[in-house]
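Add 1 to a position in the sequence shown, counting from 1, and you land on the number used in our numbering.
Misleading hints may appear alongside valid ones.
[What the hints assert, rightly or not] In silico BS3-like links for lysine-lysine, alpha-carbon gap of 27 Å or less:
#1 67 with 17
#2 49 with 10
#3 49 with 26
#4 81 with 65
#5 67 with 10
No wet-lab data here; the hints were simulated from the structure.
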Amino acid sequence: MEQAVSEVKIGRLLKKYWRVRVPRKFREGTSEALIEIEGERWLVELDKHGRVYIPVKLRPSIEKAKTIIIRREGSTIVLKPRPY
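Given only the sequences and the hints, what does the whole structure look like? Please build it.
As structure tokens, this is what we get:
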């Protein structure tokens, strides 16, 4: 099975509402996502619209990043911020 990857730019709307929309092809059959940041792993739930809300403790670290990579590993959705 081919690994699919999606990239989301961190912009004004993400910093205002602190949510990331996960594409439909990634969220089929799962209700949770894993955020990997600074060596930590946070398990968060998807809402009914397929969005992940960023926890308050992670927001300063995500503000420094430019993009968020979304990928599927087995039955897990992984979000990983990138500085470029």
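Hints and how they fare:
1. 67 with 17: holds, 15 Å
2. 49 with 10: Holds. Residue 49 to residue 10 sits at ~22 Å (cutoff 27 Å).
3. 49 with 26: holds, 15 Å
4. 81 with 65: This hinted pair holds, its Cα atoms lying about 13 Å apart.
5. 67 with 10: holds, 6 Å
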